[in-house]
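Protein chains in written order, with the UniProt record's numbering: chain A, 1 to 600; chain B, 1 to 600.
Derived by calculation from the structure, the hints in this document are not laboratory data.
A pair counts as met if it fits within one copy or between any two copies, since identical chains are not told apart.
Within a straight-line C-alpha distance of at most 30 Å, the following computed DSS-like cross-link-like pairs (lysine-lysine) qualify: (1) K456 x K431; (2) K540 x K561; (3) K343 x K556; (4) K561 x K61.
There are 2 protein chains.
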Amino acid sequence: MANITVNKTVHPFDRARLESLLSRRFFYAPAFEIYGGVAGLYDYGPPGSSLNANIIAEWRKHFIVEEHMLELDTTIMTPATVFETSGHVARFADWMVKDKVTGDVLRADHLVKNVLQARLALDKEARGFAAEPVVEDPKQKKKKDKTKVKAVKLEDATVAEYEKILAQLDNYSGPELGQLCRDHKITNPDTDNEVSEPQEFNLMFASSIGPTGQHPGYLRPETAQGHFVNFARLLDFNNNRLPFASAQVGRSFRNEISPRAGLLRVREFTMAEIEHYVDPEDKSHERFDEVRDLELELLDRHVQVAGASHTARMTIGEAVDKGVIANQTLGYFVARIYQFLVKIGINPKRLRFRQHMGNEMAHYATDCWDAEIENSVGGWTECVGCADRAAYDLSVHSKKTGTPLIVRQQLAQPKVFEKEVVTYNKKNFGKTFGRDGNALQEIINNLDEPTLLKIKGELAQGSATITSLDGREFKLTPDHLSIDRKTIKESVREYTPNVIEPSFGLGRIMYCLLEHSFWSREQDVERGVLSLPAVVAPTKVLIVPLSTGHFDALVKDVSTKLRKAGVFSRVDDSSASIGKRYARNDELGTPFGVTLDFAC
Amino acid sequence: MANITVNKTVHPFDRARLESLLSRRFFYAPAFEIYGGVAGLYDYGPPGSSLNANIIAEWRKHFIVEEHMLELDTTIMTPATVFETSGHVARFADWMVKDKVTGDVLRADHLVKNVLQARLALDKEARGFAAEPVVEDPKQKKKKDKTKVKAVKLEDATVAEYEKILAQLDNYSGPELGQLCRDHKITNPDTDNEVSEPQEFNLMFASSIGPTGQHPGYLRPETAQGHFVNFARLLDFNNNRLPFASAQVGRSFRNEISPRAGLLRVREFTMAEIEHYVDPEDKSHERFDEVRDLELELLDRHVQVAGASHTARMTIGEAVDKGVIANQTLGYFVARIYQFLVKIGINPKRLRFRQHMGNEMAHYATDCWDAEIENSVGGWTECVGCADRAAYDLSVHSKKTGTPLIVRQQLAQPKVFEKEVVTYNKKNFGKTFGRDGNALQEIINNLDEPTLLKIKGELAQGSATITSLDGREFKLTPDHLSIDRKTIKESVREYTPNVIEPSFGLGRIMYCLLEHSFWSREQDVERGVLSLPAVVAPTKVLIVPLSTGHFDALVKDVSTKLRKAGVFSRVDDSSASIGKRYARNDELGTPFGVTLDFAC
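Next comes chain A alone, as it looks inside the complex:
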């Protein structure tokens, strides 16, 4: 045949064509479209549902089955007290600003990013470069087209400053974002009005549980807490052995301030999350050597804080050995995430791992690497986070509920050591301190060894003073307690595990995958193709009988055989031409075709 050679890059990527295809073939569409839609809510149609289900199935194989993880399915509705404990009620928030005239609400960091990027683009134009496509959403674009802004050249120093701000944008606090708006005269681009000081807006959807309205609840913004509150049961299920991981695929909700980036920023989304529990004193991973030589593009926090954004290519082994990535387990998962994304069809050249900067990190994390996938809507976009949450979550839930969320490790060799031990004279202690007694004992029990030794010395001289949490001083004498050095023998070690958390935003990954898979045939730019890998393609095989009516029995036979082999096929026996039927099929990303023809 004439056109057997395929050139996938002859036509430049055109997002409008892709979006038209995705809408026309109902991969997804705005939810409640006939009601005018709701920003940040999307429904998946048949091919989108299938693609999503296949990505999930592959994720299950790649992680849960391959690594023997324990699967969970926990509730979305969560009583408020759980998220108060986890810190989400206080801190799971974004900074928003209001247009001082219209009251329109904008996310502060997005505002700064969009305005500075637009200015840089106009500067380039003024300097005679072709403007790079500015990352922005279609709605804004439309509005701007009306009042087409003239190219304006900036001072060289200003360009450098803007670039530095953009490189560390995720590191700014709310007040800093407010300062940036004032310093750089950043206004609402839709209206040119000034914006208010940034305010925090909590991203959780609130509701209440039960008929009396007295039990506040939130929709989970991540599935993670459902894992942590079940830790004791999971550990028991795993015969009390560590390390192990729990895994969950499920819906989460974030009440985004002003979502306008398609599937990249939505208010309801499917996550796939792994919580891998590990000994804090030994974060090695037994399968690390299997991935040691894998090369990745890494963008560490030092580069970003210095205002740059160039990546370094190195093996995972090198990154862990040099301390760029904190430990083997974190490194192992970074590598496994890379393998998964490439397997389902993400272009490895448009995939990098970026480390979070200090202020950017979620309140629970101690180190975090994002898998960022490049796309035309959001630029480099976080699609998977891989965080070391340390012992944060298990500790706070344990403390709040009084339930031990710890591992008891039988020591092969009992640990023998000496230690200062406090013995109370309960009667005298109670008599002197009354209802303050318990609080004081808790303070004393938590003192470190040097402080205990100091008090011991003071007691030997007659008395010592300690201060309660509310600042009152109490005098201790040898009548109240004694402190003695004793030999302790421990045969069990108790510790709170640390948690390494790979967390996948499946909708973002799906959108990037669709962009990376899209091209148009050389001879016909209108004929869009999705080259999806067979493993995730919604339909694996298209069956096309050459003419209608003549092949019904054969069609049934072929499709039954494929179904029995576990291969999902579709028949297109419409009266359209073969060419048209193949073109429709190109659009759905079906990798294989079977044409039923008359025998020669």
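Fit chain B to the known structure of chain A by using the hints.
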């Protein structure tokens, strides 16, 4: 071997043993257990998640793949206006009563049921029969045990009356339930206090969308509306052909008043719903003959309204032919539901189909059959509903949004007929009626033929009068409009499809399946077994090396081979005895075992 014969019924079913097994092996557990739990919320642990996922996979095969349904994945968060249109804001409610002293909230119909069932049980005891186990939840039982009620014999007439009330319990309105409480002195069994008049309580969880709090939303109580609002896109995807079905598996939420029946009544649950769109004038089903001879136990509405609850055994063909089940499509799905449930392990002897009574039916349904599965917690419990929703949903959404949700059928033979047609004199009409004009025209356009003929006659006499929706009268004359008989030729038929909806509550099905699968080994009542069919069992194969250490390579080899064949296996290489390892495995419902032994 000695004990190869298996007698599964030697020990009577003991729910406490089953519940202990399910909790111990973490099939599921109360969500947020370490926080004291939340009524009606449950988390699935590893075996429960797997079992649930396998039931869903089988459901997809049995329905979506086998019947070529279009899968959807729509959002849970829904703007209020959608549920206002669908009628859920006004009518998706249960009747609740409050304890007049403590303010405790109870569901009215459950209160009546529990109290009357308890009285009947005590009556039986007084008559010298062994009391049948009363269906009630463990919490209530505990409270009652403290104040052990004495057996009281009832009048024969009272027994008959109670039984009649129970048989049609689902048919009572709120005021009727209130009357029953007064007539039969039904009080809160926990406190013996009187209860208030029943009030409606809407079961949807409310929230609000976006940062301003001005956009009210609800969590969907069913996935169905997500299908209906996408009907136009689905029809287009299906090349405008009918019948077809959309299908969706997803989470739904109902803020139950006082859930205390384990997985049978929860506030968050996974549903699997099918919406099958069909021509209202032809509800035949092309595959009906494949199920025509299937025999089922049917309990129709006439039997229930007469106060009885005996089923009739008949084939689906007979049921449809006799009009017991309204049409072939409804009958086809009833049969397919039966096949699915039996395939995954539901005991067919504990499965019946019950028709809804008039008042019981949801506001959108015209006929409805529930698959009820018998279990020890809820007696005969609705696990699948199969409703004919007629054109209700598509009509109301279409009317509200102005979007046509209809099918346009090209007629082979154009339809030719005569009809009275109204022609307006727009100028005069507008001049006379001004801003009322449009509303009047809409009224006139919707008049039926006899009324039009009457007005035509009156106009011939000089004038006619019509009444607006708000009751004002308007005088029409031949200057405003003329009515003439014309010949109409229609080559396209437009109609709103009817919807047949099989809707599955997967948690309820899973619980019943666990009950039906549970038994204890004859020689050891403590050794509980779950006989789950291989198709849904969480793990298919247990691999047990006879001794630890010696078989590592072989274990890896066998488990890799099984994984490659798509068979999920688990290794138990712990130091426990073979017997203990098999027993643990009995509890997890693993159907096959591979013991790795030394070659003789």
